[in-house]
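Protein chains: 2
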Amino acid sequence: MNWEHIDECARKWLKEAGVRIRETFEQQLTVQMKSNRKDLVTNVDKETEQFFIERIKETFPEHRVLGEEGFGDDVGALDGVVWIIDPIDGTMNFIHQQRNFAISIGVFHDGIGQLGYIYDVVHDELYYAQKGKGAFLNGRPLPRLQPVEISEAIISLNTTWVIENARIDPSVLAPLVKAVRGTRSYGSAALEMAYVATGRLDAYITMRLSPWDFAGGLVIVEEVGGIVTNVYGEPLQLLGQNSVLVAKPGLHEQIVTKYIRK
Amino acid sequence: MNWEHIDECARKWLKEAGVRIRETFEQQLTVQMKSNRKDLVTNVDKETEQFFIERIKETFPEHRVLGEEGFGDDVGALDGVVWIIDPIDGTMNFIHQQRNFAISIGVFHDGIGQLGYIYDVVHDELYYAQKGKGAFLNGRPLPRLQPVEISEAIISLNTTWVIENARIDPSVLAPLVKAVRGTRSYGSAALEMAYVATGRLDAYITMRLSPWDFAGGLVIVEEVGGIVTNVYGEPLQLLGQNSVLVAKPGLHEQIVTKYIRK
Numbered sequence: 000m001n002w003e004h005i006d007e008c009a010r011k012w013l014k015e016a017g018v019r020i021r022e023t024f025e026q027q028l029t030v031q032m033k034s035n036r037k038d039l040v041t042n043v044d045k046e047t048e049q050f051f052i053e054r055i056k057e058t059f060p061e062h063r064v065l066g067e068e069g070f071g072d073d074v075g076a077l078d079g080v081v082w083i084i085d086p087i088d089g090t091m092n093f094i095h096q097q098r099n100f101a102i103s104i105g106v107f108h109d110g111i112g113q114l115g116y117i118y119d120v121v122h123d124e125l126y127y128a129q130k131g132k133g134a135f136l137n138g139r140p141l142p143r144l145q146p147v148e149i150s151e152a153i154i155s156l157n158t159t160w161v162i163e164n165a166r167i168d169p170s171v172l173a174p175l176v177k178a179v180r181g182t183r184s185y186g187s188a189a190l191e192m193a194y195v196a197t198g199r200l201d202a203y204i205t206m207r208l209s210p211w212d213f214a215g216g217l218v219i220v221e222e223v224g225g226i227v228t229n230v231y232g233e234p235l236q237l238l239g240q241n242s243v244l245v246a247k248p249g250l251h252e253q254i255v256t257k258y259i260r261k
Numbered sequence: 000m001n002w003e004h005i006d007e008c009a010r011k012w013l014k015e016a017g018v019r020i021r022e023t024f025e026q027q028l029t030v031q032m033k034s035n036r037k038d039l040v041t042n043v044d045k046e047t048e049q050f051f052i053e054r055i056k057e058t059f060p061e062h063r064v065l066g067e068e069g070f071g072d073d074v075g076a077l078d079g080v081v082w083i084i085d086p087i088d089g090t091m092n093f094i095h096q097q098r099n100f101a102i103s104i105g106v107f108h109d110g111i112g113q114l115g116y117i118y119d120v121v122h123d124e125l126y127y128a129q130k131g132k133g134a135f136l137n138g139r140p141l142p143r144l145q146p147v148e149i150s151e152a153i154i155s156l157n158t159t160w161v162i163e164n165a166r167i168d169p170s171v172l173a174p175l176v177k178a179v180r181g182t183r184s185y186g187s188a189a190l191e192m193a194y195v196a197t198g199r200l201d202a203y204i205t206m207r208l209s210p211w212d213f214a215g216g217l218v219i220v221e222e223v224g225g226i227v228t229n230v231y232g233e234p235l236q237l238l239g240q241n242s243v244l245v246a247k248p249g250l251h252e253q254i255v256t257k258y259i260r261k
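Protein sequences, first through last, are from chains A and B.
The opening position of the first sequence corresponds to residue 0 in numbering that gives the first Met the number 0, with each subsequent residue numbered one higher.
The opening position of the second sequence corresponds to residue 0 in numbering that gives the first Met the number 0, with each subsequent residue numbered one higher.
Calculated directly from the structure, the hints in this document are not laboratory data.
Treat the hints with care, as some may be off.
One-sided excerpt, in silico: chain A residues whose CB lies under 8 Å from chain B [to be verified]:
| no. | residue |
| --- | --- |
| 1 | 91 |
| 2 | 96 |
| 3 | 143 |
| 4 | 146 |
| 5 | 150 |
| 6 | 153 |
| 7 | 162 |
| 8 | 258 |
Listed below are the simulated DSSO-like cross-link pairs for lysine-lysine, each with C-alpha atoms no more than 27 Å apart in a straight line [claimed, not checked]:
| no. | chain 1 | residue 1 | chain 2 | residue 2 |
| --- | --- | --- | --- | --- |
| 9 | B | 11 | B | 37 |
| 10 | A | 33 | B | 177 |
| 11 | A | 177 | A | 257 |
| 12 | A | 11 | A | 56 |
| 13 | B | 33 | A | 177 |
| 14 | A | 130 | A | 56 |
| 15 | B | 37 | A | 177 |
| 16 | A | 14 | A | 130 |
| 17 | B | 177 | A | 177 |
| 18 | A | 177 | A | 130 |
| 19 | B | 132 | B | 14 |
| 20 | A | 261 | B | 37 |
| 21 | B | 257 | A | 37 |
| 22 | B | 261 | A | 37 |
| 23 | A | 37 | A | 11 |
| 24 | A | 257 | B | 37 |
| 25 | A | 11 | A | 132 |
| 26 | B | 37 | A | 37 |
Just so it is clear, CB atoms sit at the ideal spot from N, CA and C, and this is done for glycine as well.
Using the sequences plus the hints, can you model the full thing?
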């Protein structure tokens, strides 16, 4: 597999898609609800996904695409090369803030992440990694993640998961909130994973993500020595929804054993 | 009072301070704890406050300064001109992230906010307002805030306030979290106020801030029609700690009457 060629194309298309997205800031968005009133999609999400699919199919006709907006293939198994794409991760931020969203792409081969991209369009910050070759932010190598004490950790965790909700007893994570130095919440899983990869966050926890939310980040975070699993410490399923815990190595184990499984 | 001259000086000093702060990114920080393990200060916080105080005292010897790091005056009353300064709002972000922090300045005259500045140093975004003359981001006027339904609102609220804490029963704000479209938390009161002023957030709620955290934001948010009070809807005390609720007009009333005082 010519990963260098695939990488070159992916970057070129990311920059092109970024330009198109920035141009839409001056236009009126069409916003629709998907599964529920907090699950939104815009014409820009859809057009961006179609932009990538057209280019991938043209250049790599044998590759398949799993995309959030459903314009790709019906991917039932991960054999061969599969691009897992979220055209706009953080759609709510895109609509309300015109910032704090990203394009996320993971390119997998027989189920193994080979290339990962998270492109913060507004700040023109491209986080990327190739398996075994390190992770980078706009060309600068990201250093390996260093251990951190839980009392000095900043973790990203939405308020949803410490009040009554359908996925986790709020009393499980509340003690973790008290133990850490601080919590944040940015509303884009891809950016939150990029922030763990760069050390701006020490961990990111959420109770439900789809593969396109974490596929790009998975490759990048693992490449700097971070750990990506579900909150119980088990491997993520790439073809379904998962809880997700992304953290520095020692911190990951502490969160799983002292707080979640205790 | 020559507010134009004061404004001109404030902007010049903010840009100069920003350059100095950016230069420190390559250096080793000295981090100390203040009141508790989550309350941090660095040499850069201190040096930046001293930078402003020197210039203010030199140029406006009759003005007084109330600064977070305590290098200013012992301000017991708000007569005359008082600069209320947070040299780095979001010190924890400054240390961990080298972003998501801001310099915050409010210039008050006999207790009335006349000038407000929030400078996002890393993104070179200066939010500012002069009372009665509108609010601006890097020279572009900020439009007046429009009403929003609570179900479509994004509010900034830290997880701390929906778990057991010393300041508010967690059951008070949990129903609000369920009612809104989403919650975020950025870890800098000044930036969170700037985000309300620009419409990126619809409200910001926190249970304890000092005057230097909100003095600049107060002038900016009020200038675009936003409301700034404590969480019970009462005016903020400028010489003590307060809970703070910053929101669009209709939303502010709904949060106070339907959730906090209900």
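> Can the restraint linking residue 177/B and residue 177/A be considered satisfied, given a maximum Cα separation of 27 Å?
Replying inline: It holds: about 22 Å lies between the C-alpha atoms, which stays within 27 Å.
> CA of residue 14/A to CA of residue 130/A, is that 27 Å or under?
Replying inline: 21 Å, holds
> Hey, residue 11/A versus residue 132/A, does the alpha-carbon distance stay inside 27 Å?
Replying inline: OK: residue 11/A and residue 132/A at ~19 Å, within 27 Å.
> Within 27 Å, alpha carbon to alpha carbon, are residue 130/A and residue 56/A?
Replying inline: Holds, at roughly 23 Å.
> Under the criterion of a CB-CB separation shorter than 8 Å, is residue 146/A in contact with chain B as hinted?
Replying inline: 15 Å, violated
> Is the straight-line distance between the alpha-carbon of residue 132/B and that of residue 14/B 27 Å or less?
Replying inline: With Cα atoms ~22 Å apart, residue 132/B and residue 14/B stay inside 27 Å; holds.
> Is the hinted pair residue 37/B and residue 37/A satisfied, with a Cα-Cα distance of at most 27 Å?
Replying inline: Violated: residue 37/B and residue 37/A sit about 32 Å apart, past 27 Å.
>> For a C-alpha distance cap of 27 Å, please report whether residue 257/B and residue 37/A respect it.
In response: Satisfied, since the Cα-Cα distance of roughly 21 Å is no more than 27 Å.
>> For a C-alpha distance cap of 27 Å, please report whether residue 261/A and residue 37/B respect it.
In response: 25 Å, holds
> Against chain B, is residue 150/A within 8 Å by beta-carbon distance?
Replying inline: For residue 150/A, the interface hint holds, since the closest Cβ of chain B sits about 7 Å away, which is under 8 Å.
> Has the given pair, residue 33/A with residue 177/B, been kept, meaning a C-alpha gap of at most 27 Å?
Replying inline: Roughly 18 Å between the alpha carbons, so the hint for residue 33/A and residue 177/B holds.
>> Just to be careful: measuring from the Cβ of residue 91/A to every Cβ in chain B, is the smallest value less than 8 Å?
In response: Constraint on residue 91/A satisfied, holds at 6 Å.
Violation of the numbered hints given earlier is confined to hints 3, 4, 8, 9, 18, 23, 26; the remaining hints are satisfied by the structure.
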